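*Asks:* Heads up: the sequence lines are chains V and U, in that order. Going by the numbering used here, the first sequence opens with residue 20, and the numbers climb by one from there. Going by the numbering used here, the second sequence opens with residue 6, and the numbers climb by one from there.
Please keep in mind that the hints were generated in silico from the structure rather than gathered at the bench. Note that the structure is a prediction, hence the values are computed from the model and not measured. Any given hint might turn out to be false.
[As the list claims (entries may be wrong)] Dumping the calculated DSSO-like pairs for lysine-lysine here, alpha-carbon to alpha-carbon at most 27 Å: (1) U/K35 x U/K83; (2) U/K59 x V/K47; (3) U/K184 x U/K298; (4) U/K335 x V/K66; (5) V/K38 x U/K59; (6) V/K44 x U/K184.
Here's the letter readout for the chains.
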Amino acid sequence: MAESVKVEEVADAMFRIIKEGQGLKKYKATDLQKEMIEKFGADRCNKDLCKKAIRILIESERCVYTYFGGSFIEIPHREAAAND
Amino acid sequence: MSEEVKTPKLDDLEKGPWPSFVSEIKTAAKTNKMAKDLLGQLEQSYEDKIGHWKHGGIVGVLGYGGGVIGRYSDLPDKFPNVSHFHTVRVNQPAGWYYTSDILRKLCDIWERHGSGLTNMHGSTGDMVLLGTTTDQLESTFQELTAIGFDLGGSGSAVRTPSCCCGQSRCEWACYDTMKLTYDITQHYQDELHRPAFPYKWKFKMSGCPNDCVASIARADISIIGTWRDDIQLVQDEVRNYSKAGLDINRDVVNNCPGKCMDWDGNNLAIENEYCVKCMHCINAMPKALSPGKDRGAAILIGSKAPIMQGAQLSSVLIPFVKLDDEESYKDLYEVFDAIIDLWCEEGKSRERIGEFIRRVGLANFVEAIGLEPTPEMVGAPRDNPYIFYQIEK
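Just chain V, same shape as in the assembly (with noise of 0.2 Å):
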């Protein structure tokens, strides 16, 4: 069994994608953790440290859920909709 990835790697990894995709692609919490076992193999990552990533990304306030007819994880942005 291969030593699993850390924690903070996986969210720092995550973040990328969702940086280099933003107004390109929304992720959902299952696409990042898709992309990230295929990307650290899954012998070395699985869903339980991706959704631990996910938590570290939302309450280190990186990112934020969103919600565009599903449930999104993005970078903190002004919405078109928002008032003033």
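Following the hints, complete the assembly by docking chain U onto the known chain V.
*Replies:* Same frame as chain V, but now just chain U:
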């Protein structure tokens, strides 16, 4: 408040014998400027035949991905006090029991931080606090948690579980709905507050097949109380109903969908193996009949209202399970977690579990989650079996 808002179209909604939400908003508008502008915007919407709300998808409280539904007015200059009008969903107590003291505290919080308007309750079951601004969300949340309340679910997450009053008031309840609802709420806290599913997921618990929370029509998982022994029958009470004028053949026996009853004018006979647990006879003669003593629940899956595709009713997944203690709950969670894992892995965005099952087929679905197919996995009693058996050679 100073000048009164003229609302000729809304005034029509105050006519008739029923309570009117317009009257309630008007009462609130006397002291609350948000309620006053809400009346104005609503009248404008009826005038223009279009809703004037924009959906905000990013507002919430720190760490949570649900519980707040963002709303902005698209006429903020005309109605500045409803420029932000976010809704807060609050997880209701199981069975909707409150003390008057806690209701006063909830209303006080909402008058301090929002419009003061509430919807008790939303169709999912939460308390719905209508109308606040983005800067008031965190302080509202802090005050709610201080009196023991948490936000409910929204978005692609477990929605706030809800149940009937169960054994707290109803002698027909076949399991403790309130206890199970509380346990499910605690068990799925992470999934309730941190949306990670393809779409919404609802648990609803009904204590008996009367299904007072309509779980069979709107929950992804419907847990409906039932029994597997004989209906309890008191012949003397049946005779009393007859003496009191109830036409037992016309009003009870002939309405039995299982055709399992016979009344000879003195004795009621029930062929229990043909009973489909519809509750009709029990509802008609509650002093004479009651559910059996070997009680538990049937687990059904897949109902939904028609948002993405058409409406669906739940179908039976597990025909009977005892729900006497926390240990029995753990077995349920194993099944639910297997279903959720599969759905998260293979479900499409905005696809409810019922739609997913329809797409992949119930036989494939039960195989994937490791359940043995049984003849009771049906869409309705004695109807629509999805499982087709092949005779083994």
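*Asks:* Each hint needs a verdict: does it hold in this structure or not?
*Replies:* Verification of the hints:
Proposed proximity of U/K35 and U/K83 is supported: the alpha carbons are some 19 Å apart, at most 27 Å. For a cut-off of 27 Å, the pair hint linking U/K59 to V/K47 stands: about 22 Å separates their Cα positions. With a C-alpha separation of about 19 Å, the suggested pair U/K184 and U/K298 falls inside the 27 Å cut-off, and the hint holds. For the given pair, U/K335 sits about 20 Å from V/K66 by alpha-carbon distance, which is consistent with the 27 Å threshold.
Between the alpha carbons of V/K38 and U/K59 the distance comes to roughly 26 Å, so the proposed pair stays at or under 27 Å and holds. A threshold of 27 Å between alpha carbons decides the hint, and for V/K44 with U/K184 the separation of about 42 Å lies outside it, so the pair is violated.
Violated hint: 6 only; the structure is consistent with all others.
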